[in-house]
Amino acid sequence: MKITSEEAKKIALLSRLSFGDEELDKMKSSMNEILTYMEELNQYDTDGTEPTVHAVELYNVMREDIPRSGISHEKALMNAPEQEDGCFKVPKII
Amino acid sequence: MESMTIHELHEKLIKKEISAVHLTQKLIEHRNSREENIHAFLSFSDEEALAAASRTDARLADGEKISPLEGIPGAIKDNICIEGQKCTAASKMLENWTAPYNASVIDKLKALNFISLGKTNLDEFAMGSTTENSAFGPTHNPWDTRCVPGGSSGGSAAAVCAGEAVWALGSDTGGSIRQPAAFCGLTGLKPTYGRVSRYGLLAFSSSLDQIGTLTKDVTDAACVLNAIAGYDAKDSTSIPDEPEDYTKALAGGVKGMKIGVPREFFGRGIREETKKAIERALHFYEQEGAEIVDVSVPHVNSGVAVYYIIAPAEASSNLARYDGVSYGFRASGSKDIIDMYLQSRSQGFGEEVKRRIMLGTYVLSAGYYEAYYMKALKVRTLLKNDFDKVFKICDVMITPTSSGTAFPFHSFSDPLSLYMEDICTVPVNLTGVPAVSIPVGFSDGKPLGMQIIGPNLCESRILKTAYAFEQAHPEYRKTAPKGEVEL
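Taken in order, these protein sequences are the chains called Z and B.
Position 84 (the first sequence) corresponds to 84 in my numbering; numbering is contiguous.
Position 349 (the second sequence) corresponds to 349 in my numbering; numbering is contiguous.
Please keep in mind that the hints were generated in silico from the structure rather than gathered at the bench.
Taking lysine-lysine pairs in the DSS-like style, the calculated list, with each CA pair at most 27 Å apart, reads:
| hint | chain 1 | residue 1 | chain 2 | residue 2 |
| --- | --- | --- | --- | --- |
| 1 | B | K65 | B | K16 |
| 2 | Z | K75 | B | K110 |
| 3 | B | K86 | Z | K75 |
| 4 | B | K92 | Z | K92 |
| 5 | B | K92 | Z | K26 |
| 6 | Z | K92 | Z | K75 |
| 7 | Z | K75 | B | K92 |
| 8 | B | K108 | B | K86 |
| 9 | Z | K10 | B | K92 |
| 10 | B | K108 | Z | K75 |
| 11 | B | K86 | Z | K89 |
Just so you have them, the derived chain B footprint on chain Z, three or more residues with Cβ under 8 Å:
| hint | stretch |
| --- | --- |
| 12 | 18-29 |
| 13 | 37-49 |
| 14 | 63-75 |
| 15 | 85-92 |
Given the structure is predicted, the values throughout are model-derived calculations rather than measurements.
We treat Cβ as the ideally placed atom computed from N, Cα and C, and that holds for glycine.
Could you put together the complete structure from these sequences and hints?
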């Protein structure tokens with residue numbers, strides 16, 4: 001299972017990353033080398049094995065529905081690259 | 001030689017042999033003289049440090065009791081948030097980001113009036129094991145500045161090793177506390193997953209990340225763990241059990257303990273000098289009345305592959321938040337919103353972070369999810385089953401921390417061969433258990449590390465095991481060149 005140049009471009013877009021042609025080629029070959037190594041996992045029989053998502057036992061963590069204050073408007077905006085009228089400002093979307 | 005551990009300095013403070021302000025000033029002077037060659041820190045917080053120190057001195061003058069960590073300057077890895085201070089994760093993406101809140105560990109430390117001398121260097125977003133991936137330049141190993149300090153908590157390790165801080169916090173996702181501790185001759189503790197709150201730790205791989213300690217000895221590790229362990233409602237993976245006083249059981253000894261030696265950890269690539277040093281340690285434990293038992297972790301060789309699927313998968317999701325919209329780096333001159341995302345992320349992230357985002361996106365994408373991600377989660381279960389079985393027949397396991405001593409910069413030409421170096425440390429994060437690395441000897445003048453692994457929530461047990469060895473081998477706790485601080 002190797003990544004083709006087309007796939008690499010698709011993954012880059014999904015990842016919201018852009019690369020120059022040479023850079024993407026280099027990235028692709030390092031990924032292919034790593035993914036080839038991952039194939040070692042096929043030697044392990046995992047039929048009927050449940051996946052482990054978290055190492056500690058999972059349980060639902062709920063709290064009482066008590067209102068409490070979060071981060072202030074001012075603090076939420078303090079690192080904004082651009083803001084206007086108390087809102088985050090971004091380039092044109094539509 | 002000055003005794004520069006937390007517990008020894010605490011004695012000096014309460015006996016009024018030194019003041020906290022004097023100690024802090026001396027450490028700042030020492031740090032300033034060493035940073036040119038070490039580069040352990042990304043930012044300093046001297047003013048806050050001196051203010052906290054004078055509060056401690058005032059409290060001492062009033063005859064108040066101080067906690068063991070109070071008045072003793074430390075350092076914090078720069079992926080842990082301190083309100084009002086920059087938190088960069090050693091990334092251009094967060095170069096100008098100021099944390100708007102405290103990590104829960106910082107809230108706990110602030111309640112103890114702790115002193116931080118600054119934020120320490122790391123591999124960008126904690127992805128790496130050399131600190132070479134920092135966007136702001138690498139950290140150097142105080143034992144040999146031509147070598148890496150390990151990583152990703154390389155700045156925290158180098159700071160303590162070089163005498164620039166008495167203790168430090170790090171984070172450990174696949175060995176990022178234990179391996180730099182081994183390379184710098186320190187005690188590095190990764191607590192059980194969930195024992196220390198992750199709230200305010202910039203997320204890399206949420207099912208593996210854990211905050212822990214880098215200290216000069218085992219007693220100090222227990223002391224810092226006491227300050228940061230415990231349930232936190234802000235972290236839904238936090239363990240509700242009350243933490244212990246981890247300093248209490250240190251001197252308990254190892255008589256009657258069963259120490260498991262998983263032979264699989266001593267295979268592929270582990271250097272002879274590492275194996276010999278650990279053999280000597282096992283011999284010591286046997287003489288102290290412990291029983292050494294051969295155990296097996298058959299799936300240990302799957303660890304690196306499993307880790308480098310799960311960690312990038314989680315990272316690709318966690319790092320999606322850095323989009324240039326509400327905080328972090330935003331590229332200028334973008335023509336539309338997609339272009340802004342693409343340019344901001346491409347210019348803001350370094351190569352290794354991009355590789356892991358790409359890998360993670362790939363293994364989670366339609367068509368490959370089952371083959372890679374789901375397969376890795378299932379093999380993770382097999383590894384966890386191995387650990388569960390082993391801890392039914394032994395109390396702790398002993399393994400190398402890394403294959404050998406710290407290596408020179410640029411030693412690895414391709415990412416995979418460097419990933420392979422994590423073979424002894426990643427299984428611990430995948431299974432969630434606690435582990436500590438302590439110095440076990442020297443090779444060519446550089447320290448070697450031994451890893452002691454215990455079952456979940458058995459921090460006291462691994463620390464007790466570590467303490468027994470440490471107390472009998474003071475020669476392995478030598479101070480690195482120029483690491484002495486004049487008080």
